[in-house]
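Using the sequences and the hints, build the whole thing.
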Amino acid sequence: MAKKMAFLVNCDRCIACNACEVSCKNYYQQEASVHWRKVYYMQEKELALPIRVGVSLACNHCEDPACMKACPTGAYRKREDGIVVHDNDRCIGCKLCMMACPYKVPCFDKDLGKVTKCDMCAARQDNGEQPVCVQSCPMDAISIIDLNDGRNPAMEDEIPGMPPRSITRPTTRFIRETAGTQIRRDD
Amino acid sequence: MSEFPLVLFTFFSQLSVGTFLALYLSERRGGISPASARLASHAAFGAVAISMVCSTMHLGDPAGAWRAMLNPWTSWLSREILVFGVFAGLSFLYCMPMVRGTLRQLVGLLGSFLGIVGIVCSGLIYTLPSHPAWDTPFPVLFFLLTAWLLGPMLLLCITRRDEATDSGQCTGCVKILLAAQLVITCAYLLTQQAWLDTNSTLAAVRILVGILMPFVFLRGTSPSWGGAFLLCACGELLGRVMFYDNVIPYTMFGM
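Order-wise, the sequence lines are chains A and B. Quick note on numbering: the first sequence equals residues 1 to 187 in this note's numbering. Quick note on numbering: the second sequence equals residues 1 to 255 in this note's numbering.
There could be a bad hint or two in this list.
As the list claims (entries may be wrong) - If we take Cβ atoms under 10 Å as the criterion, some of the chain A residues that face chain B in the derived model are:
1. Tyr41
2. Met42
3. Val55
4. Leu57
5. Ala66
6. Cys71
7. Thr73
8. Gly74
9. Asp89
10. Gly93
11. Pro102
12. Phe108
13. Leu112
14. Lys114
15. Pro164
16. Ser166
Unchecked claim - Label pairs and their calculated CB-CB ranges:
17. A:Asp89 / B:Leu106: 35 to 41 Å
18. A:Asp89 / B:Gly101: 43 to 49 Å
19. A:Val22 / B:Ile184: 46 to 52 Å
As the list claims (entries may be wrong) - Examples of chain A residues toward chain B, derived with CB under 7 Å:
20. Gln43
21. Ile92
22. Cys94
23. Leu96
24. Met99
25. Lys104
26. Gly113
27. Pro163
Simulated from the structure, these hints should not be mistaken for lab results. All C-beta atoms, glycine included, are put in the ideal place defined by N, C-alpha and C.
So this is what it looks like as structure tokens:
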């Protein structure tokens with residue numbers, strides 16, 4: 001069976017240090033406003049206890065990519081291993097993929113005049129290396145899994161705060177946070 | 001006003017299709033003078049030419065604009081560009097004096113049909129699940145109404161001196177379309193308010209200037225088509241700016 005590569009984000013380990021985001025920008029030397037990976041904070045109303053939970057997200061390499069369907073030039077392609085890649089040579093910078101993506105993943109690079117996005121470091125993976133974000137995370141909170149591998153840990157396919165997964169069926173998986181004992185002083 | 005080139009593209013392309021369709025139907029019915037028909041056909045072509053130029057201003061790589069036609073299998077934008085490209089060619093042909101008789105009727109019929117198809121494609125581009133307010137019939141309805149309101153009004157401005165112009169019937173049709181625009185605009189603002197960040201003042205101005213005030217210019221036996229058209233055009237432009245700027249997409253963790 002062909003591999004189905006996906007990000008696994010461990011929200012329990014993430015300390016929101018942004019090393020993943022910075023390492024990606026550093027490696028690919030993107031224009032300042034381009035962020036292929038972003039660290040979000042779960043909203044407090046979604047959490048049982050007042051804790052801070054960071055969620056590092058890049059492209060979700062969806063099973064039904066809205067960007068690929070919307071793109072007028074055919075610049076997007078979903079590889080056999082599930083990675084959605086973008087061809088800069090075909091792109092004309094119409095930004096329709098940016099409107100179509102529910103996760104605000106594609107970024108417009110003003111210097112190139114084209115849209116760019118995370119491709120799960122496909123070229124590095126093809127050379128047997130890990131994506132830059134995975135390699136740089138000090139907490140091992142990001143990893144690459146094969147969704148077809150039956151040995152994956154228990155994980156969830158959505159977390160509160162993200163758009164409904166039925167829109168594009170993102171492949172990113174999550175290990176949810178666990179909150180430890182908290183002592184509250186109410187006096 | 002982040003999408004102003006798209007505002008202009010959709011406005012002028014829809015004005016062009018509306019004018020072309022109104023001209024074709026007027027010529028089928030008869031009574032329009034050759035001079036008026038020539039001017040109207042040039043106006044329709046000019047509008048679609050302006051719209052094509054405006055659309056390239058939206059691109060990060062305008063020199064690669066031709067590549068926008070490469071994915072008609074899944075992309076409504078590709079389909080729109082292809083259809084409007086053919087429509088632009090047909091509207092150019094319609095300007096030619098040597099295109100007469102049966103050929104002219106054929107070009108007019110095909111151009112009218114493709115123009116409407118192009119507008120529907122334009123509207124379907126925005127039926128994106130990521131933008132719930134747009135993932136409704138409203139984008140297609142708005143775009144069609146722009147064409148059906150502005151096109152006939154522009155044609156009536158051009159043909160106002162033609163004796164055969166049946167202003168009464170035309171006035172009635174335009175009033176019905178204005179009423180439809182009022183209903184649809186209010187329905188959009190009310191039913192989609194959870195996914196819109198609407199400036200109430202601007203919405204009121206859009207309705208007043210673009211829909212209600214034209215009624216004043218259309219009163220009596222000698223309606224002022226120029227005034228009605230200008231007001232309606234301003235209203236449609238403002239409405240289109242609001243269409244692009246007020247929509248709220250799905251957020252990521254509230255951001």
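Verification of the hints:
Look at Tyr41 of chain A: its Cβ gets to within about 6 Å of chain B, closer than 10 Å, so that hint holds up. Because the beta carbon of Met42 of chain A sits about 6 Å from the nearest beta carbon in chain B, less than 10 Å, this interface hint is met. Because the beta carbon of Val55 of chain A sits about 7 Å from the nearest beta carbon in chain B, less than 10 Å, this interface hint is met. For Leu57 of chain A, the suggested interface contact is upheld, since its CB lies about 7 Å from the closest CB of chain B, less than 10 Å.
Because the closest C-beta pair between Ala66 of chain A and chain B is about 7 Å apart, less than 10 Å, the hint holds. Against a cut-off of 10 Å between C-beta atoms, the interface hint on Cys71 of chain A holds, since the closest Cβ of chain B lies about 6 Å away. Using the Cβ-Cβ criterion of 10 Å, the hint placing Thr73 of chain A at the interface with chain B is satisfied: the shortest such distance is roughly 4 Å. A cut of 10 Å between beta carbons decides the hint on Gly74 of chain A: the least distance to chain B is about 4 Å, and the hint holds.
Nearest Cβ of chain B to the Cβ of Asp89 of chain A: about 9 Å, under the 10 Å cut. The hint holds. Taking 10 Å as the C-beta contact cut-off toward chain B, the hint placing Gly93 of chain A at the interface holds, the least distance being around 2 Å. For Pro102 of chain A, the shortest C-beta to C-beta distance to chain B is roughly 4 Å, which falls under 10 Å, so the interface hint holds. Nearest Cβ of chain B to the Cβ of Phe108 of chain A: about 7 Å, under the 10 Å cut. The hint holds.
The interface hint given for Leu112 of chain A is met, as the beta carbon of that residue sits about 7 Å from the closest beta carbon of chain B, less than 10 Å. With 10 Å as the threshold, the beta carbon of Lys114 of chain A comes within range of chain B, its nearest partner Cβ sitting at about 5 Å, so the hint holds. Given the 10 Å rule on beta carbons, the hint for Pro164 of chain A holds: about 8 Å separates it from the nearest Cβ of chain B. Annotation: interface hint on Ser166 of chain A holds; nearest CB of chain B at approximately 9 Å, less than 10 Å.
Under the hint 35 to 41 Å, the C-beta atoms of Asp89 of chain A and Leu106 of chain B, about 40 Å apart, fit the expected range. Under the hint 43 to 49 Å, the C-beta atoms of Asp89 of chain A and Gly101 of chain B, about 47 Å apart, fit the expected range. Taken as a hint, the range 46 to 52 Å holds for the pair Val22 of chain A and Ile184 of chain B, whose Cβ atoms sit roughly 48 Å apart. Satisfaction of the interface hint for Gln43 of chain A is found here, the shortest Cβ-Cβ separation to chain B being roughly 5 Å, below the 7 Å cut-off.
Of the supplied interface hints, the one on Ile92 of chain A holds, with its beta-carbon coming within about 4 Å of a beta-carbon of chain B, less than 7 Å. Among the interface hints, the one on Cys94 of chain A holds; its C-beta lies about 6 Å from the nearest C-beta in chain B, closer than the 7 Å criterion. A hinted interface residue such as Leu96 of chain A counts as satisfied when its beta carbon comes closer than 7 Å to some beta carbon of chain B; here the least separation is about 6 Å, so the hint holds. The beta carbon of Met99 of chain A comes within 6 Å of a beta carbon in chain B, closer than 7 Å, and the hint placing it at the interface holds.
Checking Lys104 of chain A against chain B by beta carbon gives a least distance of about 6 Å; that is within 7 Å, so the hint holds. Among the interface hints, the one on Gly113 of chain A holds; its C-beta lies about 3 Å from the nearest C-beta in chain B, closer than the 7 Å criterion. Hint status for Pro163 of chain A relative to chain B: holds, with the closest Cβ pair at about 4 Å, below 7 Å.
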